[in-house]
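A.B. asks: Each chain is listed here by its residues.
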Amino acid sequence: MRGGAVPFTLSNSEMQNAEEIQALPAERSTTIDPTSWVDEHGDCLFRFALMRLRDEAAAEDLVQETLLSAIQSLSTYSGKSTERTWLTGILKHKIIDHYRKNSRQVQFSEEDTDLSGVERLFERPDKWDGHWGDKMRPVDPEQSPEDVLERGEFWAVMSACLSAMPMRVANVFTLREMDGLSTEEICESLGLSSSNFWVIMHRARMQLRRCIEIKWFRKAI
Amino acid sequence: MKEAKLKFTKLNDLIWRKLPACKEVVKLITASMDGRLGIADWIIMKVHLFSCDSCVNFVKQVSFIRSALRRSQKGLDEQNVDIKLSDNARGRIKEALKGEL
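Respectively, the protein sequence lines represent chains A and B.
The first sequence begins at 18 in our numbering and counts up by one.
The second sequence begins at 919 in our numbering and counts up by one.
Certain hints may be false.
What the hints assert, rightly or not - As a list, the in silico DSS-like pairs of lysine-lysine whose alpha-carbon atoms are at most 30 Å apart:
| # | chain 1 | residue 1 | chain 2 | residue 2 |
| --- | --- | --- | --- | --- |
| 1 | A | K111 | B | K1012 |
| 2 | B | K992 | B | K1012 |
| 3 | B | K1012 | A | K236 |
| 4 | A | K97 | A | K111 |
Bear in mind the hints are in silico, worked out from the structure with no lab data behind them.
Just chain B, with the same shape it has in the complex (with noise of 0.2 Å):
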């Protein structure tokens, strides 16, 4: 027990010491959002994720809010309700469409 749990430092140790930083790792992780990462840098982004519980916050913050945009549609325009079109815009539209039909 004792031998793997210094097995497991010193593996953790190497993460932290010899491959990219949390820096370069959110930038593979907000890369891999857009479906751009080779197998190297996935490699890199998974090993990192595995000993950094940050990242693994962020990730979650990251989808987290992609999830809501996708469905934001309704929230964000009950935010601006007050914002209308215009009297002059109003008038102006209906009269082209008039036109049209």
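Okay, chain A solo, but in the shape it has when bound (with noise of 0.2 Å):
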């Protein structure tokens, strides 16, 4: 891989935002009681760490960390986003914060860098070893994303395709693609090599969207 300075991105327009990333609906409140936030959003806050940290411990002590740092910063909060919207990002620096705090604990296994499974797609016979074998070509998906934000089905699979992935690829990949941070960022939190980051998610994007092309893209069509 030649690196270079210059930025050359194939959808750059998909990253400038990363505050776009949505938040659940909820009603905005008029006025605002802590005492409710337990169980107005506490399950979904749970769930939100939970896909990220796998730990129902930690998931938990996060849900708490974020109430109370809400409770604290109640003055800044300008009433512009929902409730729900605000807490859910004071909980993702809370998720960041558990990862740059355990990052040292975070170690990437041979396992996680390995790309032997996903260069078996190009292996060929013939004279063109090294394109897409025969069977492995990527399809058209013949949709775009906003044909399938509200179908259960479509998220059925992309639930199952994220759970397949090692907990560590995950978690980079989530950072990444989910949480929008940059490259930067998230090397920073994780205390990653720019050559590692590039090979997990290099990695966590083949295994995830031959998953997505096997269970979704292929039956569509």
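Make one complex out of these two single chains by using the hints.
C.D. replies: Next comes the structure, spelled out in structure tokens:
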């Protein structure tokens, strides 16, 4: 891979606004009542944290820390976003802090950075070895993301495919693709080298794409 | 017309034989999604995509997945609505909040 400072991207516009990540819809409160937060938002915040940490005790702790932080910073809540969006934003920071504190324990194994599995897609017995294998060629999705946003079956497939990722790989991938953090922020938080980041992201994208292709794109056509 | 077609075939053949194969180009494609390509790699990627439908479909798929994931919160949450805070945790967090108010 030739390194270079000039960023050429395929879909830069998609990366522009990390804040576009949608929090769950919730009624905007006219009065703020922290005592109701646990019942109104606790489960949703817990699921958000659990999906990222895969550790119930840690997820519960972060929900608690999030709500305590929210009480302390009530005066900064402008009311422009819903309570849930605001609380989810605080939780995202707590999760990144959690990764940062535990980054020394988060060791990436050889398995996490092993590309041999994804490179099997390009094994061919003929002179075109290195190009897509005959039955491995990606199909045209023939649909737009907007077509699936409201379809539960799609999210069931996505959920299953994300769960199949090794945890450390999923942590990196989720921070990047779902939470919209930059490469630099993720490497700094997780104590990752940029080359390890790249291999992990490549592996994660290849694995998830293959899973979604088999379980969704090929079935949808 | 025939001549133009022959030239195109030769160009295509050159692209497929001399430039990096799909296995290497998908690495460039995924790297470009994190803004890491230098101009030489970017040109290799674009030239390859000019002649490879499978890699174009690969780009469509990974772009689709990225775009869906950026708006995945509601869809994924609805898959797991049965997962809730335990009664113990709920009580403990409520107590902690009371202490702070």
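A.B. asks: Mind listing which of the numbered hints don't hold for this structure, in increasing order?
C.D. replies: Hint 3 contradicted; others consistent.
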